[in-house]
Amino acid sequence: MPPTPTSPPSPQRRRFLGVMIASGFALAVQPISAATIHTDSEGLLTGSVAIPTKDGSLPAYFARPNRTGPLPVVLVVQEVFGVHEHIQDLCRRLAKAGYLAVAPELYFRQGDPRKYPDISQLINQVVSKVPDEQVLADLDATLAWAGVSGGDVKRAAITGFCWGGRIVWLYSAHNPNLRAAAAWYGRLVGDKTPLTPRNPIDLVASLQVPVLGLYGGQDSSIPVDSIEKMQGLLKAAGNPSQVIVYPEAGHGFNADYRPSYNEAAAQDGWAKMLAWFAEHGAR
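For the sequence shown, the residue numbers in mature numbering (1 follows the signal peptide of the UniProt record, and there is no 0) are -34 to -1, 1 to 249.
Hint data in this document are derived by calculation from the structure and do not stem from the laboratory.
One should not assume that every hint holds.
[Said to hold, decoys possible] Now the in silico label distances, taken between C-beta atoms and shown as ranges:
no.	residue 1	residue 2	range
1	THR34	ILE210	27 to 37 angstroms
2	THR34	SER(-2)	36 to 46 angstroms
3	GLN208	GLY64	14 to 24 angstroms
4	PRO83	ALA203	37 to 47 angstroms
5	ILE85	PRO160	19 to 29 angstroms
6	ASP234	LYS201	17 to 27 angstroms
7	ALA237	ALA1	16 to 26 angstroms
8	THR34	PRO189	40 to 50 angstroms
9	ARG164	GLY204	13 to 23 angstroms
[Unchecked claim] Within a straight-line C-alpha distance of at most 20 angstroms, the following computed EDC-like cross-link-like pairs (lysine to aspartate or glutamate) qualify:
no.	residue 1	residue 2
10	LYS20	ASP98
11	LYS62	ASP118
12	LYS120	GLU245
13	LYS158	GLU99
14	LYS195	ASP157
15	LYS62	GLU51
16	LYS95	ASP84
17	LYS238	GLU214
18	LYS62	ASP222
19	LYS95	ASP157
20	LYS195	ASP185
21	LYS158	ASP168
22	LYS62	ASP6
23	LYS20	ASP106
24	LYS195	ASP168
25	LYS238	ASP222
26	LYS95	ASP21
27	LYS158	ASP191
28	LYS62	GLU8
29	LYS120	ASP106
30	LYS158	ASP98
31	LYS62	ASP234
32	LYS81	GLU51
33	LYS201	ASP191
34	LYS238	ASP55
35	LYS201	ASP168
36	LYS62	GLU245
Here a beta-carbon is modelled for each residue, glycine too, at the ideal position from N, C-alpha and C.
Based on the provided sequences and hints, a complete structural model is requested.
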């Protein structure tokens, strides 16, 4: 069972204290909306862990029901702002639904995203330096950690938001052992670089996991034609993945701490995600 915040720290955990994840929101998202949702930890075990990788200890936030497992697993992939309070809250919501949810801090080698007050600075100085290959390997390590920490990796899913939505598509082509995936407003096309050599739209033939894509029709950062092209490619390939578009929603429609929040789309998308996971055996 993973350590809890109230447990005496083990020697291993004491060595990892320098990479633990703090609470609170990233500087770049201030001020926080009055509509922000806070999910309590009643009935849950929550806290930070450090996940071993080949080149360092990967910080992560986890939340799980306070009961014996094994539990179904959801990997939660951060927004561009890292594993700040919103992502931690989403982990607690998933835990309330019965999952072991774990969100690794996938920029930890490049910098701390919560310290940057300007999003363009954050992208230029941190996010643009994060290789896809590194991210996929860290998610592999996170899933392995879940498997020895009370999780049932045979009932594992992944979800991600914004920056993490793109990663969900990539990981669904990388790891055939997941049951299901849900990608929230992750870009489907974009500039290719040596660190980010593939776009989700290039990977339809390689998808090994059914993906539920959740997008906003008013999202100026994700062209509607790219969504329509992805829908067409999935259909032509006979792929079971689905892409849903909420016509009145914009980018970040699940981010209740921001003005972009669209309650109706967020609630419907969350319900559809949980149903998708259950339908495909991640429950």
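So, going through the hints one by one against the coordinates:
Between THR34 and ILE210 the Cβ separation comes to about 35 angstroms, which falls inside the hinted range of 27 to 37 angstroms. With their beta carbons about 37 angstroms apart, THR34 and SER(-2) fall inside the hinted range of 36 to 46 angstroms. Checked against the hint of 14 to 24 angstroms, the pair GLN208 and GLY64 passes, with Cβ atoms roughly 23 angstroms apart. Our hint of 37 to 47 angstroms for PRO83 and ALA203 holds, since their Cβ atoms are close to 43 angstroms apart.
Separation of ILE85 from PRO160 is about 23 angstroms and conforms to the stated range, judged on CB atoms against 19 to 29 angstroms. Our hint of 17 to 27 angstroms for ASP234 and LYS201 holds, since their Cβ atoms are close to 22 angstroms apart. Against the hinted window of 16 to 26 angstroms, the Cβ-Cβ separation of ALA237 and ALA1 comes to about 19 angstroms, which satisfies the hint. Look at THR34 against PRO189: about 47 angstroms separates their beta carbons, and that is inside 40 to 50 angstroms.
At about 21 angstroms, the CB distance of ARG164 to GLY204 agrees with the hint of 13 to 23 angstroms. The straight-line distance between the Cα atoms of LYS20 and ASP98 is roughly 16 angstroms, inside the 20 angstroms bound, and the hint therefore holds. Of the pairs offered as hints, the one joining LYS62 and ASP118 holds, with about 17 angstroms between alpha carbons and a cut-off of 20 angstroms not exceeded. Between LYS120 and GLU245 the alpha-carbon distance is near 14 angstroms, which keeps this suggested pair within the 20 angstroms criterion.
Proposed proximity of LYS158 and GLU99 is supported: the alpha carbons are some 14 angstroms apart, at most 20 angstroms. About 17 angstroms separates the Cα atoms of LYS195 and ASP157, which keeps this hinted pair within 20 angstroms; it holds. For the suggested pair LYS62 and GLU51, the alpha carbons sit about 16 angstroms apart, so the restraint of at most 20 angstroms is met. For the hint linking LYS95 to ASP84, the alpha-carbon distance of about 17 angstroms falls within 20 angstroms, and the restraint holds.
A C-alpha spacing of about 17 angstroms is found between LYS238 and GLU214, which places the hinted pair at or below 20 angstroms, so the restraint holds. Of the supplied pair hints, the one linking LYS62 and ASP222 holds, its CA atoms being roughly 18 angstroms apart against a limit of 20 angstroms. For the hint linking LYS95 to ASP157, the alpha-carbon distance of about 14 angstroms falls within 20 angstroms, and the restraint holds. About 16 angstroms separates the Cα atoms of LYS195 and ASP185, which keeps this hinted pair within 20 angstroms; it holds.
For the hint linking LYS158 to ASP168, the alpha-carbon distance of about 11 angstroms falls within 20 angstroms, and the restraint holds. A C-alpha spacing of about 9 angstroms is found between LYS62 and ASP6, which places the hinted pair at or below 20 angstroms, so the restraint holds. Between LYS20 and ASP106 the CA atoms are separated by roughly 12 angstroms; this keeps the pair inside 20 angstroms, and the hint holds. Distance check on the hinted pair: LYS195 and ASP168 sit about 11 angstroms apart at the alpha-carbon level, within 20 angstroms; holds.
For a cut-off of 20 angstroms, the pair hint linking LYS238 to ASP222 stands: about 18 angstroms separates their Cα positions. The hinted pair formed by LYS95 and ASP21 meets the criterion: a straight-line CA distance of about 16 angstroms does not exceed 20 angstroms. A hinted pair counts as satisfied when its Cα atoms are at most 20 angstroms apart, and LYS158 with ASP191 qualifies at roughly 18 angstroms. Restraint check for LYS62 and GLU8: satisfied, since their Cα atoms lie roughly 9 angstroms apart, inside the 20 angstroms limit.
Taking the CA atoms of LYS120 and ASP106, the gap is about 14 angstroms. The hint holds against a cut of 20 angstroms. With a C-alpha separation of about 11 angstroms, the suggested pair LYS158 and ASP98 falls inside the 20 angstroms cut-off, and the hint holds. Of the pairs offered as hints, the one joining LYS62 and ASP234 holds, with about 17 angstroms between alpha carbons and a cut-off of 20 angstroms not exceeded. Taking the CA atoms of LYS81 and GLU51, the gap is near 13 angstroms; set against the 20 angstroms cutoff, the hint holds.
Straight-line distance between C-alpha atoms of LYS201 and ASP191 comes to about 15 angstroms, which keeps the hinted pair within the 20 angstroms bound. Proximity of LYS238 to ASP55 is assessed by CA-CA distance (about 19 angstroms); at most 20 angstroms being required, the pair is judged to hold. For the hint pairing LYS201 with ASP168, the CA-to-CA distance comes to about 14 angstroms; that is within 20 angstroms, so the pair holds. In summary, the hint linking LYS62 to GLU245 is supported, as the alpha carbons are separated by about 19 angstroms, within the 20 angstroms threshold.
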